[in-house]
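> Just so you know, the sequences run in chain order S, V and Z.
All residue numbers for the first sequence refer to the UniProt record's numbering, where the first residue is 1 and numbers rise by one.
All residue numbers for the second sequence refer to the UniProt record's numbering, where the first residue is 1 and numbers rise by one.
All residue numbers for the third sequence refer to the UniProt record's numbering, where the first residue is 1 and numbers rise by one.
One or more hints might be untrue.
Simulated coverage check for chain V against chain Z, where a stretch passes if three residues somewhere in it have a Cβ under 8 angstroms from a Cβ of chain Z [said to hold, decoys possible]: (1) 38-45; (2) 141-149; (3) 155-169; (4) 232-245; (5) 443-451.
Some, not all, of what chain S presents toward chain Z, calculated at C-beta under 10 angstroms [stated by the list, open to error]: (6) ARG17; (7) THR200; (8) ILE300; (9) VAL301; (10) SER304; (11) PRO313; (12) GLN347; (13) MET349; (14) ALA355; (15) PHE358; (16) GLN394; (17) LEU426; (18) GLY451; (19) LEU452; (20) LYS454.
Which residues of chain S face chain Z? A partial, calculated answer using Cβ under 10 angstroms [claimed, not checked]: (21) PHE99; (22) SER246; (23) PRO250; (24) LYS271; (25) LEU337; (26) THR353; (27) MET468; (28) GLN471.
None of these hints come from the bench; they were simulated from the model.
Note that this is a predicted model, so its numbers are computed, not measured.
Ideal placement from N, C-alpha and C gives every residue a C-beta, glycine not left out.
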Amino acid sequence: MTDLTDLGVRALRDGVRAGEFSAREVADAHIVKVAAAKPLNAFLVETPDHAIAAAKAADDARAAGETLKPLAGVPIGMKDLFCTKGVQSAAASHILEGFKPPYESTVSQKLWDAGAGMLGKLNMDQFAMGSSNETSAFGNVISPWRRNDGGNAALAPGGSSGGSSSAIAARLCPAATGTDTGGSIRQPAAFTGIAGIKPTYGRCSRWGIIAFASSLDQAGPMARDVTDCAIMLEAMAGFDPRDATSLDAPVPQWEAGLNPSLAGKTIGIPKEYRVDGMPAEIEALWQQGIDWAKDAGAEIVEVSLPHTKYALPAYYIIAPAEASSNLARYDGVRYGLRDLPDGAGLQDMYAATRADGFGDEVKRRIMIGTYVLSAGFYDAYFTQASKVRTLIAQDFDNAWEQCDLLLTPTAPSAAFGLGEKSDDPLAMYLNDVFTVPSSLAGLPAMSVPGGLDKQGLPLGLQIIGKAMDEQGVLNAGLAIEQRAGFAARPEAWW
Amino acid sequence: MTESTYRIQGATGEWEVVIGLEVHAQVSSKAKLFSGAPTAFGAEPNTQVSLVDAAMPGMLPVPNRECIRQAVRTGMAINAAINKWSRFDRKNYFYADLPQGYQISQLYHPLVGEGVITVQLDEKDPASPIKEIGVERIHVEQDAGKLMHDQHPTRSYVDLNRTGVALMEIVSKPDMRSPQEAGAYLSKLRTLLRYVGSCDGNMDQGSMRADVNVSVRKPGGELGTRTETKNVNSVRFVMQAIEHEAQRQVDVLEAGGRIVQETRLFDPDKGETRSMRSKEDAHDYRYFPDPDLLPLELDDAFLDECRQSLPELPDAKRLRYEEELGLPAYNAAVLTADADTARWFEALLAETARIQKKGEAEVAKAASNWLISDLFGGLNKVGMGLEGGPVSPEHGAELLALIGDGTISNTIAKQVLEIMLETGGAPGAIVEEKGLKQTSDTGAIEAEIARVLDANADKVADYRGGKEKLFGFFVGQTMKAMQGKANPQVVNELLKKALG
Amino acid sequence: MSVDKATVERIANLARIALSDEEIERLAPELDNILGWVEQLGEVDTSNVEPMTAVIPNKLRLRDDIVTEGNQRDAVLANAPQAEHGFFAVPKVIE
Ligand SMILES: [Mg+2]
Ligand SMILES: [Zn+2]
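Pulled out of the complex, with its shape left as it was, chain S reads as follows (with noise of 0.2 angstroms):
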């Protein structure tokens, strides 16, 4: 009998309509894999009885003559940023370490509205501050990859939804929430040989996801290929009267509306991102991915993002400006951590509590933050940073008069060892150097797996879309996939 961990989110779900197996046995199958990959660490709870609840209702549905649900018999994992009623939600943080929220986010309710089960919190960079899964207060996931160079260095599974790409590529959950705010999603995808997309700024609500800069946050979906990942998102996506930044449209229907063909497409090369000292794998990697694009009937044409070079520093900005008052909230007072010194006074617990509770990530993003926008800084940083990013938004919108869809690398490079970019907070940032212009714009944006470098590493392309053209970035990444081939996986290790 085949490994249910092996299948995807389509395989399981028709597998389970048409009888094949029963969502119990997919459940448990997972369960299982999850209990015995503690060395990757990708997973802060697992809630088994979640998911068996979930393939149990599955069950009945189906031994009832019901129409299953559109994720009925598929567990997955969730992010620690998401809050789940009753289980630990703590962003991968000592601040909020045991908080079990009273309430259920938007996008995971969605997803267990439709039949989806939960095996576990997925561990992450602290609130989502990072990219390597470093910044963890419960110890850094380890990406199942290894290079093939016999050595057992430990990689990074890319961040801040590191968890998420570990696990998936581990096998562990055919799929898995992400949150991306400057690539959190599309990079640890591309670190493990994954596919993910964060979809249009406003798509999927962002109630009861815990904040780091709410500007740019936003959930997506990770899974092994493009078809699971359109499945995920029509699940996740839709209008939420309680996010005022939520976007009243209806949800396409991405999985039926799937066409691999470029035909008619003009897909735009960004000369701004051939950037110094890029890799020249990852070079290559591009290159192949204009010619599986014009393969698929795309024209392609270099277009410029004259503003590209800004786009990570007037992120470094808006994104900690952001974090440090969203992170205000966190005092000591109503939840999560109190550190209360002997005979100190409210405003001393804040700081002894705030000292205690939040990593060195965490710290250095609030003071960049606070510093941006106190007084007689926050014209020259902030605004100024806020109209940089509408000059960012105007090289998309000038763009799109020339083509429909971008094609660029997803990362820099591939997966580094764990501990090589630690000491160097700038190195680390230069990560989202891809990934951070389309989230200023608010783009939809997806990575798939390119291929592999010649350390046996997954690389990405990403694909960047016009606002609300999730489909076409699908699309495109399909054709990419159906081209690439990519079927390496993790020798298991752990």
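For this one, chain S is given, so just place chains V and Z with the ligands on it according to the hints.
Coordinates of chains V and Z with the ligands only, in the frame set by chain S:
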């Protein structure tokens, strides 16, 4: 406009006071500004708290249309510019009554721009000076929670029931020059808010409170450094706080000191202001646009509805009472000072005109006099208000009609009113039941007159000898003998005949 | 260096994060480095550019004035480090 002559006499000469008020007025709404929690006053602690108010992780604000609408209507009522494009900013600071670590407010683009409030220094005195006080802006923001310090020896307790309730912050220009002007401004603002219906104006429940900015200067000189006395919650206290603070500043300056720009508290028991232990970083709020909220854009249909739903405002009403109803200025001022009073009076007037089959202007004066002197006096005595009190406008009109058609005299009417205040009964029924109908039975009256004249033969002689003033005495005695129920006109006629 | 230790202390105080001397020592050059890097934004001519207000064109929706929440004190207090008599408790504040 009249220039204020209010001056503080110091050792170095006269000082002028410059005053600006920032009034926080709670918007009348069922739910909070950004959450669906209720706003009712006086609930058990933390029972009117949504997950948004408690700033639970991932909770998001969504603005309440009614709160925006009421702030816009308020702006329209002071002829202010309404900004069709505004937005919310975060004001960041740490305090236990502020769960988010920031207050959602409006700094850069407020909802309402400049407007004007016309105040009369003494609203009961139509001859007192009139002055226009500028309003700088009105913005909408969240209220904070409440900290209790007296429940535990080493802890403060936090109640989030008020957290997130919508406030309008109404910022005046520094246009006031005396405690009286500030008091008149605050009273007028309260009147306006209650007319508009955007705030109940209950200062004792904290629905309205004022931050009082005071500085002093030599008349016409440069503006001095100001202090801000926070959260003063009555008109009287605002006036006291200004008086005390201005005097304190003069004393400091004349002793060679400097005024520190600071936040102060008013102590109502002592009638003094004192320095608040300054909130740290009070001047670095790191305002920035709230990224959870998009810009607030209002369309013409929304603004039209706001404008059309505004009631007749107090200044217009007062003028109409004087010009169309012919009321004395004093009556018009008293009746329009409060929206409820005006509403009650208009109901009384309509009913009075209807049952007496007269025009409103014909009965307005009598009705207003009765309301102001008799009913207000009576309600005062029993400690009740007009609204929800024992006398309805219908009963008032009925009583006025009984006087008007001669069924009862003014004296009897006062007795009837007393019973109405006690029992809430209808005047007609009371008159019937207690047999208070006025009599015009000439036989009965003539009999009493004969007895009165007999008993006072000396005074009759004096009267006939030319002491005509004594006529009133005979009227009084006759009315007394008739227990007030005789028709005074008939008494007059019969007495004149009898005294010949 | 524009971000000195005094600046770090001032910012840390604004952000309510207690820092050890060692952390202050470490953060000063780090923040200086990062802020120095973001300052390249100053090169961009933005004189005729409006700051971005909405990422995706969208208008603020307003809610109806309806009470939808409340009466959930237990849920509100459930995660509190210290809750007494229906209140959150904090160290005594002197105003
Ligand atoms: Mg103020
Ligand atoms: Zn205010």
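> Is the listed coverage of the stretch 141-149 of chain V by chain Z valid when you require three or more residues with a beta carbon under 8 angstroms from a beta carbon of that chain?
It holds, with 3 qualifying residues against the three required.
> Grab the minimum C-beta distance from SER304(S) to chain Z and call the hint holds if it beats 10 angstroms, violated otherwise.
Nearest chain Z Cβ about 15 angstroms off; hint violated.
> Do the numbers back the hint for LEU452(S), that is, is its least Cβ distance to chain Z under 10 angstroms?
32 angstroms, violated
> Would the stated hint for LEU426(S) survive a check requiring a Cβ distance to chain Z of less than 10 angstroms?
Interface hint status for LEU426(S): holds (6 angstroms vs cutoff 10 angstroms).
> Just to be careful: measuring from the Cβ of PRO313(S) to every Cβ in chain Z, is the smallest value less than 10 angstroms?
Holds: closest Cβ of chain Z sits about 4 angstroms from PRO313(S), inside 10 angstroms.
> Please count how many residues of the stretch 443-451 of chain V have a CB within 8 angstroms of a CB from chain Z and say whether that reaches 3.
violated (count 0)
> With a cut-off of 10 angstroms on the beta carbons, see whether LYS271(S) makes it to chain Z.
Given a least distance of 19 angstroms, the restraint on LYS271(S) is violated.
> Please verify that hint: THR200(S), Cβ, nearest Cβ of chain Z, below 10 angstroms or not.
6 angstroms, holds
> With chain Z as the partner, please determine if GLN347(S) meets the hint condition of a C-beta pair closer than 10 angstroms.
Since chain Z brings a Cβ to about 7 angstroms from GLN347(S), closer than 10 angstroms, the hint holds.
> Within the assertion that chain Z covers the stretch 232-245 of chain V, do at least three residues meet a Cβ-to-Cβ distance smaller than 8 angstroms?
Answer violated; 0 residues pass the 8 angstroms Cβ test.
> Under the criterion of a CB-CB separation shorter than 10 angstroms, is GLY451(S) in contact with chain Z as hinted?
Since the shortest Cβ distance to chain Z is 32 angstroms, the answer is violated.
> Given GLN394(S) as an interface hint, is its Cβ closer than 10 angstroms to any Cβ of chain Z?
8 angstroms, holds
Hints 4, 5, 6, 8, 9, 10, 18, 19, 20, 23, 24 and 28 from the earlier list are contradicted by this structure; the remaining hints agree with it.
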